[in-house]
Amino acid sequence: MDELDELGNPSVSNSILENLNDSQKEAVSAPLSNMLVIAGAGTGKTRVLVSRIAYLIKHYMIEPRNILAVTFTNKAAGEMRERIGLFVGEFLQRQLWASTFHSICLRLLRAYSKQAGLEPNFTVLDTDSQTTLTKRIMKELNIDVKEFKPSEAVSKICKLKEDGLRADDYIKRGRIFGESQYENMCKIYSAYEKICNDENSVDFSELLLRTVELLESNDEIRALQHRRFKEILVDEFQDTNSIQYKFLRLMAGKNSHVMVVGDDDQSIYGWRGADYTNMHKFLKDFDDVHEILLALNYRSSQKILDMANTLIAENSDRLMEKVLKGNIGQGDDVSILNCSNNNCEASAVVQLIAKLHEAGEKYKDMAILYRNNYLSLGFEQSLSMKHIPFVIYGGQRFFERAEILDTLAYLRLLINENDDTAALRIINVPSRKLGPKVVADLRAIGRERNCSMLQAIRLLEAYSKQEGADKALVSLYKKVTPFYNLILQMKEKKENAPLHELVDYVINASGLHEMYALKDAKEGKTGEENSRVSNLGVLVSNVKEFEASMNAQVAKEATAEEAKDINADNSENTASDGEITSTALEDPLLTYLSNITLVSTSELDEDGSSSTECDAVNMMTIHSSKGLEFKHVFLVGFENTILPSQRSVDIGSDKSISEERRLAYVGITRAKEDLYISYAQNRSMFGNIVTTGASQFLRQIVRSYNEVKKEDRPFKIIPIASQRY
DNA sequence: ATGTTCCTTCTTTTT
DNA sequence: GAAGGAACAT
1 MDELDELGNP
11 SVSNSILENL
21 NDSQKEAVSA
31 PLSNMLVIAG
41 AGTGKTRVLV
51 SRIAYLIKHY
61 MIEPRNILAV
71 TFTNKAAGEM
81 RERIGLFVGE
91 FLQRQLWAST
101 FHSICLRLLR
111 AYSKQAGLEP
121 NFTVLDTDSQ
131 TTLTKRIMKE
141 LNIDVKEFKP
151 SEAVSKICKL
161 KEDGLRADDY
171 IKRGRIFGES
181 QYENMCKIYS
191 AYEKICNDEN
201 SVDFSELLLR
211 TVELLESNDE
221 IRALQHRRFK
231 EILVDEFQDT
241 NSIQYKFLRL
251 MAGKNSHVMV
261 VGDDDQSIYG
271 WRGADYTNMH
281 KFLKDFDDVH
291 EILLALNYRS
301 SQKILDMANT
311 LIAENSDRLM
321 EKVLKGNIGQ
331 GDDVSILNCS
341 NNNCEASAVV
351 QLIAKLHEAG
361 EKYKDMAILY
371 RNNYLSLGFE
381 QSLSMKHIPF
391 VIYGGQRFFE
401 RAEILDTLAY
411 LRLLINENDD
421 TAALRIINVP
431 SRKLGPKVVA
441 DLRAIGRERN
451 CSMLQAIRLL
461 EAYSKQEGAD
471 KALVSLYKKV
481 TPFYNLILQM
491 KEKKENAPLH
501 ELVDYVINAS
511 GLHEMYALKD
521 AKEGKTGEEN
531 SRVSNLGVLV
541 SNVKEFEASM
551 NAQVAKEATA
561 EEAKDINADN
571 SENTASDGEI
581 TSTALEDPLL
591 TYLSNITLVS
601 TSELDEDGSS
611 STECDAVNMM
621 TIHSSKGLEF
631 KHVFLVGFEN
641 TILPSQRSVD
651 IGSDKSISEE
661 RRLAYVGITR
671 AKEDLYISYA
681 QNRSMFGNIV
691 TTGASQFLRQ
701 IVRSYNEVKK
711 EDRPFKIIPI
721 ASQRY
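Read in the working numbering, the first sequence has 331 at position 331, and its numbers run on one by one without any break.
Quick caveat, the hints were computed from the structure, so don't treat them as lab data. Hints are not guaranteed to be accurate.
Unchecked claim - With a straight-line cut-off of 20 Å between C-alpha atoms, the simulated PhoX-like cross-links for lysine-lysine are:
no., residue 1, residue 2
1, K187, K139
2, K303, K58
3, K672, K362
4, K631, K159
5, K25, K58
6, K433, K519
7, K491, K544
8, K437, K139
9, K493, K544
Based on the provided sequences and hints, a complete structural model is requested.
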């Protein structure tokens, strides 16, 4: 290649386009325009996205700071940044925004908190606090939390926010035909909104909604974003919900271009609002959309792809029919294991794993995928019995553990003393003899004076020093004094010590350490890897890690500032959005807490450590396997009532079954070389034995090969009889 | 205020 | 079958 660019230098774009196929090249090197890339499973979607960004920077000379890349998970954002760094170097990579919808909104809201109607130190409400808060509201409104579950109310609030409806809008809208709990929801939502505002906190959907409202109402801020973000790229576009779509439309200006990449066949989050028809809408709402299809699969053998193609062809609501074509050969037959019950399914799978390992395969190249978390149990036991190492992804998450949430509640209170939700969580944890009575008294004062519990205590402090103070109030103050002093001491520590010392102090001074040590001891877990005390330790080291990365970032930002000064001539919008980049000036605790709520999982698995390096069999739900690939895949519990789930069958709509079928499709397309699909005729579930049998999806696949000679089918069915191992 | 026992519930999950 | 929550007793 001796192509030269306009300046007569060898073209840098060649190295970016190297090793891409024609349609990938077309996407990466397309002219600056709006683009919809439909990328089937394993067709190099992320690669195209990363290469496109590199191409924008190196070929079109777009400044990294004018590029916004949106992903769904922090993990995906991190990977993307890393891979872009390989192309354009770390210095340029650091200037571009690559993060999740929620992180972007958080950043914008911090920068424009005043315009968005928030105090700058607002906190992000995690799911647990959100449910607790809602429960509290429902109890105060005398709504039966058995009949109408707080979690249902929470998801309703989320849905309403996703539709852009505030409590007032919801009340104005009135009840929709067939809508249950409308009157209750009106009350709950109004109260919820008020408390969040009073407590200066926002939940996840609020991050999006508030940003959308800000951009809609503030022409200046919107124009600023338009000037800044010339190129916007979105990964996993089939997973966007309506408010995220709205956000994208608002962020894109007349002269910006948006490139979205997605696969409607892999849309498996419809149940939480994702709407893959946004891909369709995109074509209508954005001008001159350049459409590109990636169908060449680099991941799986043809027989695996044939199974996947046959399955997904049954879906009638696809936006586009895609037939995945592989380029790594036919491969082996897919094995379908017909097991008589779940126990022999587990032993058969484990035996196969052992056999593969004996043949020299690595455990970490194998994965067991299942529809529901509880299905992992039998496989865990069988693997343990054979002393085969395994890692379970998902399950209970580190930042959702009680001991961690307790610690975080103390920390949140130090940042934002309006946060009654946090205060209520820990005022009596560990026990300080501050029961419901004391709490009710404090909240009564709070209501009267329109302030939070902590501020109520402060008022009490001043009041009880007065002559002739009310005895009941003085005794109330005496009761809460130790707690109040504890918080004051923590605040002092916060000012005078590094973050990790503060966290360590909070854990010990609060008595949480002692309390959880006792609990561990009772369960005989002292010193164990997963004990509560060790989790608290992990939290402290996580804070240390965060501090270290913050310090590194501050150093880098300083050099970046210098560089900016040097190129000051090209600074049309340097000053105008400078405030967004100044994360370094923020309170480190505030930054840490926001990060925690937005980042939480994935990097830290259930041990709280990043244990990716060891050779162990991977176990996870099909949902969490999206985007991953493994040499050998065991797709287990491929049964009626499980996949498709009973609930989706009960709903009875094509839509709900289609999503389950896509889920099965995602599972199948994770496999590179070997795919084993297993099902049991009988399964013991929740204590009793249920007859399940092969999934309707499997029967459909098999049926469609009825006319094909056995040796030409892409699969073989192997009966596994009940026997003892 | 707290410890005990019974009863319910039981997708998928990121942010 | 296990875990978390609510009602009940201490």
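The hints, checked one at a time:
Of the supplied pair hints, the one linking K187 and K139 holds, its CA atoms being roughly 12 Å apart against a limit of 20 Å. A threshold of 20 Å between alpha carbons decides the hint, and for K303 with K58 the separation of about 39 Å lies outside it, so the pair is violated. Taking the CA atoms of K672 and K362, the gap is about 14 Å. The hint holds against a cut of 20 Å. Between K631 and K159 the CA atoms are separated by roughly 38 Å; this puts the pair beyond 20 Å, and the hint is violated.
Simply put, K25 and K58 have alpha-carbon atoms about 15 Å apart, close enough for the 20 Å limit, and the pair holds. Annotation: proposed proximity of K433 to K519 holds, straight-line Cα distance about 19 Å (limit 20 Å). Simply put, K491 and K544 have alpha-carbon atoms about 19 Å apart, close enough for the 20 Å limit, and the pair holds. The hinted pair formed by K437 and K139 meets the criterion: a straight-line CA distance of about 16 Å does not exceed 20 Å.
Taking the CA atoms of K493 and K544, the gap is about 16 Å. The hint holds against a cut of 20 Å.
Going through the hint list in order, the structure does not satisfy hints 2, 4.
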